[in-house]
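S.K.: With these hints in hand, go ahead and build the complete structure from the sequences.
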Amino acid sequence: MNSNMFEVTGESVLTLYGSHVTGAPTSTLLVISGTALNETAREALEKSAASLGFGTAPLALATMETAEGKLGAEDVRTIVEGLDPVALVATDTSATKALSAAYRTPVTLDEANRLLGRTAVVFQDFESLMKTPADKQRAWALLKKLR
Numbered sequence: 090m091n092s093n094m095f096e097v098t099g100e101s102v103l104t105l106y107g108s109h110v111t112g113a114p115t116s117t118l119l120v121i122s123g124t125a126l127n128e129t130a131r132e133a134l135e136k137s138a139a140s141l142g143f144g145t146a147p148l149a150l151a152t153m154e155t156a157e158g159k160l161g162a163e164d165v166r167t168i169v170e171g172l173d174p175v176a177l178v179a180t181d182t183s184a185t186k187a188l189s190a191a192y193r194t195p196v197t198l199d200e201a202n203r204l205l206g207r208t209a210v211v212f213q214d215f216e217s218l219m220k221t222p223a224d225k226q227r228a229w230a231l232l233k234k235l236r
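Quick note on numbering: the sequence shown equals residues 90 to 236 in the working numbering.
A portion of the hints provided could be inaccurate.
Below 30 Å or equal to it, Euclidean Cα-Cα: the simulated BS3-like pairs (lysine-lysine) are [to be verified]:
| # | residue 1 | residue 2 |
| --- | --- | --- |
| 1 | 186 | 225 |
| 2 | 186 | 159 |
| 3 | 136 | 220 |
| 4 | 234 | 220 |
| 5 | 225 | 159 |
| 6 | 220 | 233 |
| 7 | 234 | 186 |
| 8 | 220 | 186 |
| 9 | 233 | 136 |
| 10 | 159 | 136 |
| 11 | 186 | 136 |
| 12 | 136 | 225 |
| 13 | 186 | 233 |
| 14 | 234 | 136 |
| 15 | 220 | 159 |
Label-pair distances were calculated between CB atoms; the ranges are [stated by the list, open to error]:
| # | residue 1 | residue 2 | range |
| --- | --- | --- | --- |
| 16 | 234 | 144 | 14 to 20 Å |
| 17 | 223 | 159 | 31 to 37 Å |
| 18 | 101 | 223 | 39 to 45 Å |
| 19 | 135 | 217 | 17 to 23 Å |
| 20 | 206 | 159 | 25 to 31 Å |
| 21 | 233 | 161 | 28 to 34 Å |
Think of the hints as simulated: they come from the structure by calculation, not from any bench. Because the structure is a prediction, the values reported are computed rather than measured. From the three backbone atoms N, C-alpha and C, an ideal C-beta is built for every residue, glycine too.
M.R.: Laid out in structure tokens, this is it:
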């Protein structure tokens with residue numbers, strides 16, 4: 090897709106990237122994932138967003154790779170800037186690499202980072218942290234840094 094991030098609004102992001110982005114244009118938290126998240130991971134992120142005070146709007150979720158194609162770094166930047174969330178979550182290394190390339194800055198895995206004034210929590214593999222109670226606590230501890 091060819092787009093200019095300065096001309097894109099939240100509504101138009103959903104139109105332009107409809108096969109890759111779900112949620113509401115008013116979401117204050119954007120989750121970026123390399124591939125579609127499983128239901129357990131998605132539910133955990135939705136509950137975490139509500140617990141952390143990110144509002145009642147449906148979680149905005151951008152999936153890098155779908156049957157319709159793969160997003161590039163510029164697409165990711167356009168989505169982030171168009172939706173203009175307060176905070177970001179990258180769920181895997183694919184999403185992390187895309188954010189790093191989009192904002193031309195290194196990001197640290199399994200840490201909270203700052204990207205143009207936004208807190209970005211970056212996971213190596215969020216889904217794998219949903220398997221044991223101890224790993225779920227590690228994920229929650231990192232998600233709490235979004236506040």
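S.K.: For each hint, tell me whether it holds in the structure or not.
M.R.: Here's how the hints hold up against the structure:
1. For the proposed pair residue 186 and residue 225, the alpha carbon gap of about 23 Å is at most 30 Å, so the pair holds.
2. Proposed proximity of residue 186 and residue 159 is supported: the alpha carbons are some 13 Å apart, at most 30 Å.
3. Proposed proximity of residue 136 and residue 220 is supported: the alpha carbons are some 16 Å apart, at most 30 Å.
4. Restraint check for residue 234 and residue 220: satisfied, since their Cα atoms lie roughly 21 Å apart, inside the 30 Å limit.
5. Using a Cα cut-off of 30 Å, the hinted pair residue 225 and residue 159 holds, with the two alpha carbons roughly 29 Å apart.
6. For the hint pairing residue 220 with residue 233, the CA-to-CA distance comes to about 19 Å; that is within 30 Å, so the pair holds.
7. Proposed proximity of residue 234 and residue 186 is supported: the alpha carbons are some 20 Å apart, at most 30 Å.
8. For a cut-off of 30 Å, the pair hint linking residue 220 to residue 186 stands: about 24 Å separates their Cα positions.
9. Taking the CA atoms of residue 233 and residue 136, the gap is about 12 Å. The hint holds against a cut of 30 Å.
10. At roughly 28 Å between alpha-carbon atoms, residue 159 and residue 136 fall within 30 Å of each other, so this suggested pair holds.
11. This hinted pair checks out: residue 186 and residue 136 have alpha carbons roughly 26 Å apart, not beyond 30 Å.
12. Of the pairs offered as hints, the one joining residue 136 and residue 225 holds, with about 13 Å between alpha carbons and a cut-off of 30 Å not exceeded.
13. Pair hint residue 186 plus residue 233 holds up; C-alpha atoms about 22 Å apart against a cutoff of 30 Å.
14. Taking the CA atoms of residue 234 and residue 136, the gap is near 15 Å; set against the 30 Å cutoff, the hint holds.
15. For the suggested pair residue 220 and residue 159, the alpha carbons sit about 28 Å apart, so the restraint of at most 30 Å is met.
16. The beta-carbon spacing between residue 234 and residue 144, approximately 18 Å, falls within the hinted interval of 14 to 20 Å.
17. Between residue 223 and residue 159 the C-beta distance comes to about 33 Å, which sits within the given range of 31 to 37 Å.
18. The beta-carbon spacing between residue 101 and residue 223, approximately 42 Å, falls within the hinted interval of 39 to 45 Å.
19. As the Cβ distance of residue 135 to residue 217 is approximately 18 Å, the hint placing it in 17 to 23 Å holds.
20. Separation of residue 206 from residue 159 is about 27 Å and conforms to the stated range, judged on CB atoms against 25 to 31 Å.
21. One distance hint, 28 to 34 Å for the beta-carbon pair residue 233 and residue 161, holds here, with the actual separation near 31 Å.
Hint compliance for this structure: every hint is met.
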